[in-house]
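**Student:** Start from the sequences, fold in the hints, and give me the full structure.
In our numbering, the protein residues as written are 316 to 412.
Keep in mind the hints are simulated off the structure, nothing from the lab.
All figures in this text were calculated on a predicted structure; none of them were measured in a lab.
It cannot be assumed that every hint is accurate.
Label pairs and their in silico Cβ distance ranges [stated by the list, open to error]:
| id | residue 1 | residue 2 | range |
| --- | --- | --- | --- |
| 1 | Val-399 | Ile-328 | 34 to 40 Å |
| 2 | Phe-318 | Gly-404 | 52 to 58 Å |
| 3 | Thr-330 | Gly-364 | 17 to 23 Å |
| 4 | Asn-385 | Ala-349 | 23 to 29 Å |
| 5 | Ser-317 | Lys-401 | 52 to 58 Å |
| 6 | Gly-404 | Val-355 | 29 to 35 Å |
| 7 | Thr-326 | Gly-404 | 43 to 49 Å |
| 8 | Thr-332 | Lys-401 | 29 to 35 Å |
| 9 | Tyr-363 | Pro-322 | 31 to 37 Å |
| 10 | Ser-317 | Asp-388 | 43 to 49 Å |
| 11 | Ile-319 | Val-399 | 42 to 48 Å |
| 12 | Gly-405 | Glu-320 | 47 to 53 Å |
| 13 | Leu-394 | Lys-325 | 44 to 50 Å |
Think of the CB as a built atom: it goes at the ideal place given N, C-alpha and C, for glycine as much as any other residue.
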Amino acid sequence: MSFIEEPSKKTPILTETDVLVLGGGPAGLAAALASAREGVETMLVERYGCFGGVITQAMIGTIAWYRYANTVDAGGIGLEFETVAKNMGGSINIFGD
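**Tutor:** What follows is the structure in C-alpha cells.
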C-alpha cells in the first residue's frame, strides 16, 4: 500500500462538541435532532444557506416525500417532519391508490 506523507501542522480548534453532523439534508436534520433530544451537545454544519439538501438547494425532487400505497411507515422523526409539512400546507404523493 502506498501513502502520502504530509508535514505536521497546528490547526486551531474553534469549538468542541460531542456530536458533529455534516449536512442539513433530511438525514442530517434527523440525526442532529435525535442526538440533541438525547441531551448530547450537538452541532450541525451546513455549507449552503438553508436546510433541506438537494430538495431545496437544486429544487430536485427525491423519493423522500413519495409513498406507495402499501408502504409501512416507520414513524419517528421522518413522520414528524411529514406531519409538520402537511400542517404547513405541504402534500404527500401516494402512488398506487
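**Student:** Confirm or reject each hint.
**Tutor:** Hint by hint, here is what the structure shows:
1. Remark: the range hint 34 to 40 Å for Val-399 to Ile-328 is upheld by a beta-carbon distance near 35 Å.
2. Between Phe-318 and Gly-404 the CB atoms are about 54 Å apart, so this pair conforms to the stated range of 52 to 58 Å.
3. For Thr-330 and Gly-364, the hinted distance range of 17 to 23 Å is satisfied, since their beta carbons lie about 20 Å from each other.
4. Our hint of 23 to 29 Å for Asn-385 and Ala-349 holds, since their Cβ atoms are close to 27 Å apart.
5. In this structure the supplied range 52 to 58 Å holds for Ser-317 paired with Lys-401, their Cβ-Cβ distance being about 53 Å.
6. The hinted range of 29 to 35 Å is satisfied by Gly-404 and Val-355, whose Cβ atoms lie roughly 33 Å apart.
7. Checking the proposed 43 to 49 Å range against Thr-326 and Gly-404 shows it holds: the Cβ atoms sit about 45 Å from each other.
8. In this structure the hint that Thr-332 and Lys-401 lie 29 to 35 Å apart at CB holds, the actual value being about 32 Å.
9. Between Tyr-363 and Pro-322 the Cβ separation comes to about 32 Å, which falls inside the hinted range of 31 to 37 Å.
10. Hint check: Ser-317 to Asp-388, Cβ distance near 48 Å, so the stated range 43 to 49 Å holds.
11. Taking 42 to 48 Å as the suggested C-beta distance range, the pair Ile-319 and Val-399 conforms, at roughly 46 Å.
12. For the hinted restraint 47 to 53 Å between Gly-405 and Glu-320, the CB-CB distance of approximately 52 Å keeps it satisfied.
13. A C-beta distance of roughly 46 Å is found between Leu-394 and Lys-325, which places it inside the suggested range of 44 to 50 Å.
Going through the hint list in order, the structure satisfies each hint without exception.
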